[in-house]
Amino acid sequence: MVYIIALLSVIFLGLAALVVSRMAAVVKNVNGPVDEERIGLSNRINGALFLIFLVFGLVGVVWSFAHASNYFLPEASSPHGRRTDFLFWLSMGIITVAFFITNALLFVFSFRYQYRPGRKASYYPENHKLELIWTVIPAIVMALLVFTGWRAWRDIMSEAPADAQVVELVGKQFNWIARYPGVDDNKLGAYNYKLIDNNNDTGIDFSDPASFDDFTSTTELHIPVNKPVLLKIRARDVLHSVFIPHMRVKMDAVPGMPTRFWFIADKTTDQMRNELGNQDFGYEIACTEVCGRGHFSMRIRLIVEDEESWKKWCAEQKPLLTSYPEYASRIPENLKAKAAKYLPAVETATPSDSTTASTQQGGGVSVATTSLR
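Count the sequence shown with UniProt numbering and you get residues 1 to 373, in order.
If you're looking for bench data, these hints aren't it; they were derived computationally from the structure.
One should not assume that every hint holds.
Claimed, not checked - Think about it this way: if two alpha-carbon atoms lie no more than 25 Å apart in a straight line, the pair counts; the simulated DMTMM-like pairs of lysine to aspartate or glutamate are:
#1 Lys336 x Asp208
#2 Lys341 x Glu316
#3 Lys227 x Glu305
#4 Lys227 x Asp266
#5 Lys311 x Asp197
#6 Lys341 x Asp197
#7 Lys187 x Glu289
#8 Lys232 x Asp280
#9 Lys194 x Asp252
#10 Lys187 x Asp197
#11 Lys336 x Asp163
Unchecked claim - Each pair of labels, with its calculated beta carbon distance range:
#12 Phe86 x Leu15: 37 to 43 Å
#13 Asn274 x Ala190: 38 to 44 Å
#14 Glu316 x Ala68: 23 to 29 Å
#15 Lys187 x Trp313: 44 to 50 Å
#16 Asp280 x Val146: 27 to 33 Å
#17 Leu15 x Thr288: 34 to 40 Å
#18 Asn274 x Ser91: 27 to 33 Å
#19 Pro255 x Gly14: 36 to 42 Å
#20 Asp280 x Tyr3: 54 to 60 Å
#21 Ser69 x Val108: 25 to 31 Å
#22 Asp237 x Ala68: 25 to 31 Å
For every residue, glycine included, the Cβ atom is placed at its ideal position computed from N, Cα and C.
Construct the complete structure from the given sequences, taking the supplied hints into account.
This is the structure in structure tokens:
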């Protein structure tokens, strides 16, 4: 590839030098006598160069596309992704046809109607029919493309279905944090950025009972196959961008302005591995907004699995409240009983515990124990 670019650069410089020399000759002889034979030879050379450039240019375009196709993404793993791809290739097809037609006419006409002694150019002061054709046809094509694109955007950005699985994705320098609703209520609790600390990195607000069973993950995002998934997206610090290339999902994560995107993944990770013949394949969520020096490392694995496996994985995760029971101090008194099931059980103290005191009273022994509050 490097050698091809170098060769094209040399050719370009040579053609540029030729053009400059020709222009210099024209300027030098602009006020002198006209050499008809020299003009005819120059036009024949230029006409031939036009055809040569057309052939090599078209060959280069076709080769470039064929070479780049090896790096194209595979078929999208979501219905809206395949629809997006169809519209993309439809637009590219129309543009490519117009490109080949207009450029072929441009170079062929330059060769066909080059200067010849005795030939006179025809002059059309106006041609309403031709102007109408080249105005109306592109306008209709553009209107159809805009309309179909608008319909696709409307459907993709519509409200998520009521049964969609909700997952919150929070971006920060330089990683993603996925927050899931717990298996008990399947409902995300409230959050407050003022509550963010080293352990509660999404700012879960434990004054909301729906937050008691919420859990987080910074290494993997698991979602069920063939089920709508609603991503609630936000950023903690600077602008980030959620990008799932194989799902054709892309949405900015903006500080102070929550965004969202819903989609259906209809190919599990294992299905994609078998389809591509690559057992090392894995979906991922990357950041496509340069967000600082560590931007390159900002990604998280995406695991698409059947619903039974997904539910099993969710059941194995510990709520944040269970992992860090000290957050129980943030729970209102009237909700402490409801939160008790998510807090570690307090074992009965033994005589060796520091919370046990033994006293001798009237020849008997009484044991006093204390419990956590």
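Here is what the structure says about each hint:
no.: 1; hint: Lys336 x Asp208; result: holds, 11 Å
no.: 2; hint: Lys341 x Glu316; result: holds, 16 Å
no.: 3; hint: Lys227 x Glu305; result: holds, 11 Å
no.: 4; hint: Lys227 x Asp266; result: holds, 8 Å
no.: 5; hint: Lys311 x Asp197; result: violated, 29 Å
no.: 6; hint: Lys341 x Asp197; result: holds, 24 Å
no.: 7; hint: Lys187 x Glu289; result: violated, 30 Å
no.: 8; hint: Lys232 x Asp280; result: violated, 29 Å
no.: 9; hint: Lys194 x Asp252; result: holds, 22 Å
no.: 10; hint: Lys187 x Asp197; result: holds, 22 Å
no.: 11; hint: Lys336 x Asp163; result: violated, 30 Å
no.: 12; hint: Phe86 x Leu15: 37 to 43 Å; result: holds, 39 Å
no.: 13; hint: Asn274 x Ala190: 38 to 44 Å; result: holds, 41 Å
no.: 14; hint: Glu316 x Ala68: 23 to 29 Å; result: violated, 43 Å
no.: 15; hint: Lys187 x Trp313: 44 to 50 Å; result: violated, 19 Å
no.: 16; hint: Asp280 x Val146: 27 to 33 Å; result: violated, 41 Å
no.: 17; hint: Leu15 x Thr288: 34 to 40 Å; result: holds, 38 Å
no.: 18; hint: Asn274 x Ser91: 27 to 33 Å; result: holds, 31 Å
no.: 19; hint: Pro255 x Gly14: 36 to 42 Å; result: violated, 52 Å
no.: 20; hint: Asp280 x Tyr3: 54 to 60 Å; result: violated, 31 Å
no.: 21; hint: Ser69 x Val108: 25 to 31 Å; result: holds, 28 Å
no.: 22; hint: Asp237 x Ala68: 25 to 31 Å; result: violated, 36 Å
This entry does not satisfy hints 5, 7, 8, 11, 14, 15, 16, 19, 20 and 22, going by the numbered hints stated previously.
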